[in-house]
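Now for the letters of each chain:
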Amino acid sequence: MSESFEPNIVAFLCNWCSYAGADLAGTSRVKYASNVKVIRVMCTGRVNPLFVMNALQQGADGVLISGCHPGDCHYMEGNMYARRRFGLLKELMEFIGVDPRRIHMSWVSASEGGKWKEVVEKVVEDVSEVGPFEQFKRDKINW
Amino acid sequence: MVEQTTIRQKAKEIVAREDVRHLIGWRKGTFGYRVSPYWVETPEDAEELIFSPLCSPNLTNYLTLEEKLPLPKGEEPDRRKTALLVKGCDSRAAVQLLAEKGIEREQVVLVGLPCQGVIDQLKLEEKYPEGSSGVNAEWNGETIRFTFPDGEKEFAREEILADDCLSCRYPNPVLADEMLGEEVEAWSDGKNAGVEELEKASVADRWAFWEKEFSRCLRCYACRNVCTMCYCEDCILERLNPNWMFRSVNHSENTAFHIARAFHLVGRCVSCGECERVCPAGIPLGKLNQKLVKEVREQYGFEAGVDPESIPFQASYNPQDQEDFIL
Numbered sequence: 001m002s003e004s005f006e007p008n009i010v011a012f013l014c015n016w017c018s019y020a021g022a023d024l025a026g027t028s029r030v031k032y033a034s035n036v037k038v039i040r041v042m043c044t045g046r047v048n049p050l051f052v053m054n055a056l057q058q059g060a061d062g063v064l065i066s067g068c069h070p071g072d073c074h075y076m077e078g079n080m081y082a083r084r085r086f087g088l089l090k091e092l093m094e095f096i097g098v099d100p101r102r103i104h105m106s107w108v109s110a111s112e113g114g115k116w117k118e119v120v121e122k123v124v125e126d127v128s129e130v131g132p133f134e135q136f137k138r139d140k141i142n143w
Numbered sequence: 001m002v003e004q005t006t007i008r009q010k011a012k013e014i015v016a017r018e019d020v021r022h023l024i025g026w027r028k029g030t031f032g033y034r035v036s037p038y039w040v041e042t043p044e045d046a047e048e049l050i051f052s053p054l055c056s057p058n059l060t061n062y063l064t065l066e067e068k069l070p071l072p073k074g075e076e077p078d079r080r081k082t083a084l085l086v087k088g089c090d091s092r093a094a095v096q097l098l099a100e101k102g103i104e105r106e107q108v109v110l111v112g113l114p115c116q117g118v119i120d121q122l123k124l125e126e127k128y129p130e131g132s133s134g135v136n137a138e139w140n141g142e143t144i145r146f147t148f149p150d151g152e153k154e155f156a157r158e159e160i161l162a163d164d165c166l167s168c169r170y171p172n173p174v175l176a177d178e179m180l181g182e183e184v185e186a187w188s189d190g191k192n193a194g195v196e197e198l199e200k201a202s203v204a205d206r207w208a209f210w211e212k213e214f215s216r217c218l219r220c221y222a223c224r225n226v227c228t229m230c231y232c233e234d235c236i237l238e239r240l241n242p243n244w245m246f247r248s249v250n251h252s253e254n255t256a257f258h259i260a261r262a263f264h265l266v267g268r269c270v271s272c273g274e275c276e277r278v279c280p281a282g283i284p285l286g287k288l289n290q291k292l293v294k295e296v297r298e299q300y301g302f303e304a305g306v307d308p309e310s311i312p313f314q315a316s317y318n319p320q321d322q323e324d325f326i327l
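Residue numbers (this note's numbering), protein chains in the order written: chain E, 1 to 143; chain Z, 1 to 327.
Among the clues, some could well be false.
[Said to hold, decoys possible] Below, a sample of chain E positions facing chain Z; criterion: calculated Cβ distance under 10 Å: (1) Glu-6; (2) Asn-35; (3) Val-38; (4) Val-41; (5) Ser-66; (6) Glu-77; (7) Arg-84; (8) Arg-85; (9) Phe-86; (10) Glu-91; (11) Ser-109; (12) Ser-111; (13) Glu-118; (14) Val-119; (15) Lys-122.
[Said to hold, decoys possible] Calculated lysine-lysine pairs in the DSS-like style (CA-CA distance at most 25 Å, straight line): (16) E:Lys-37 <-> E:Lys-117; (17) E:Lys-90 <-> Z:Lys-294; (18) E:Lys-137 <-> Z:Lys-212; (19) Z:Lys-191 <-> E:Lys-90; (20) E:Lys-137 <-> E:Lys-90; (21) E:Lys-122 <-> E:Lys-90; (22) E:Lys-115 <-> E:Lys-137; (23) Z:Lys-200 <-> E:Lys-90; (24) E:Lys-37 <-> E:Lys-115; (25) E:Lys-90 <-> Z:Lys-153; (26) Z:Lys-153 <-> Z:Lys-127; (27) Z:Lys-101 <-> Z:Lys-127; (28) Z:Lys-12 <-> Z:Lys-28; (29) Z:Lys-28 <-> Z:Lys-153; (30) Z:Lys-191 <-> Z:Lys-101.
[Stated by the list, open to error] Covered stretches of chain Z, as calculated for chain E (at least 3 residues, CB under 8 Å): (31) 138 to 149; (32) 284 to 292.
Source of the hints: derived by calculation from the structure; they are not laboratory data.
The beta-carbon is built from N, C-alpha and C at its ideal position, and this holds for glycine as well.
Start from the sequences and build out the full structure, keeping to the hints where you can.
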């Protein structure tokens, strides 16, 4: 492993809040770590736990799921279901031996460009601490 | 404790009813400790029914496994009911299926049997190697009495009961049309679910533990097939587009499969222990399920298979759900 490990983080952002929040951070020229690869989804309720698992299998070192604050969901309750789902997915992954610092969830609203920066920095810091996640990577199949 | 004769008598009455097609129960297997599921079609068949500590199969599975072939033109479908012998956990499985609208209440007749726990065959084999002929077993207070070819033997219950039975909180059926026998007292508060030891280990140790376990997985999917709650007609494991689960048997895919399997049972698992029992590689799948059952109960106050009117756990939410993990 090289000395400076740059974590590879996949972020699932909800279209209505977090994606707009990240957009605001961008347009306001807020500088934050560039390790995050953003995938826009319509709602955090849309994020299937398989997305998280597949991201980790395909080489992500950490995953971030971000959506609207409870009560602000564009679809009324999508983030509530997501909260239950990922709380337990995190527990299960932790039980199986995936470091809890690899999976994060956050609420970032459209006006919180500053918070988005903080969240990203926290996630990058956490994942850097745990290091690369080689054990779960999908083997490359050479046909 | 239910007398075998009571069960057979009740089964005869039920099968003789106009609106009942058949009754599914257990009968003595042809080999060792095994019992086989048994379809009682006529009152005479009922003579073979048994209920003993060996009757671990969860028969609720057959409600959704039944193949429904397209009917010839003009023929009416058979709408008669299916009767089932259910232990405590099996009745919870039926209740959970009802809550999920997987079956209809009118479709089933549940015959409830209070159960004092079923054995773990592997634990028993360690004590007494499996013989070739059918073995009889019965509950006898704190012990279970076996009749082997060379005489009787008794073993303490806590030594040979299946792990999920040791932490069972619902030995009595929660829902039944006909209750047989006397209710038994629950022996566990469900606190000691067998996962505490692993919970205390470090993350790296847990990964090492599960890596060793999952490396044995053959991906035969017996755990999914036997699970009462896995009744989707279109399973992600077989879906090719998008292909979420690769067929290759390696650590990454095995881990992903086991996470997905356990996660599909969040708030649905009724702890019948069937997955662990059928696993040919002896992977402690019950631990994964028990961990989630425990978290769901302690953190969200929800329990699967108790109320047929409840909304499934993952299809509902509480605005006060805990969110201390959220940034």
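The hints, checked one at a time:
no.	hint	in the structure
1	Glu-6	21 Å, violated
2	Asn-35	16 Å, violated
3	Val-38	16 Å, violated
4	Val-41	15 Å, violated
5	Ser-66	8 Å, holds
6	Glu-77	6 Å, holds
7	Arg-84	6 Å, holds
8	Arg-85	6 Å, holds
9	Phe-86	8 Å, holds
10	Glu-91	5 Å, holds
11	Ser-109	13 Å, violated
12	Ser-111	17 Å, violated
13	Glu-118	8 Å, holds
14	Val-119	5 Å, holds
15	Lys-122	6 Å, holds
16	E:Lys-37 <-> E:Lys-117	14 Å, holds
17	E:Lys-90 <-> Z:Lys-294	14 Å, holds
18	E:Lys-137 <-> Z:Lys-212	17 Å, holds
19	Z:Lys-191 <-> E:Lys-90	21 Å, holds
20	E:Lys-137 <-> E:Lys-90	18 Å, holds
21	E:Lys-122 <-> E:Lys-90	17 Å, holds
22	E:Lys-115 <-> E:Lys-137	31 Å, violated
23	Z:Lys-200 <-> E:Lys-90	16 Å, holds
24	E:Lys-37 <-> E:Lys-115	17 Å, holds
25	E:Lys-90 <-> Z:Lys-153	46 Å, violated
26	Z:Lys-153 <-> Z:Lys-127	10 Å, holds
27	Z:Lys-101 <-> Z:Lys-127	43 Å, violated
28	Z:Lys-12 <-> Z:Lys-28	18 Å, holds
29	Z:Lys-28 <-> Z:Lys-153	19 Å, holds
30	Z:Lys-191 <-> Z:Lys-101	30 Å, violated
31	138 to 149	violated (count 0)
32	284 to 292	holds (count 3)
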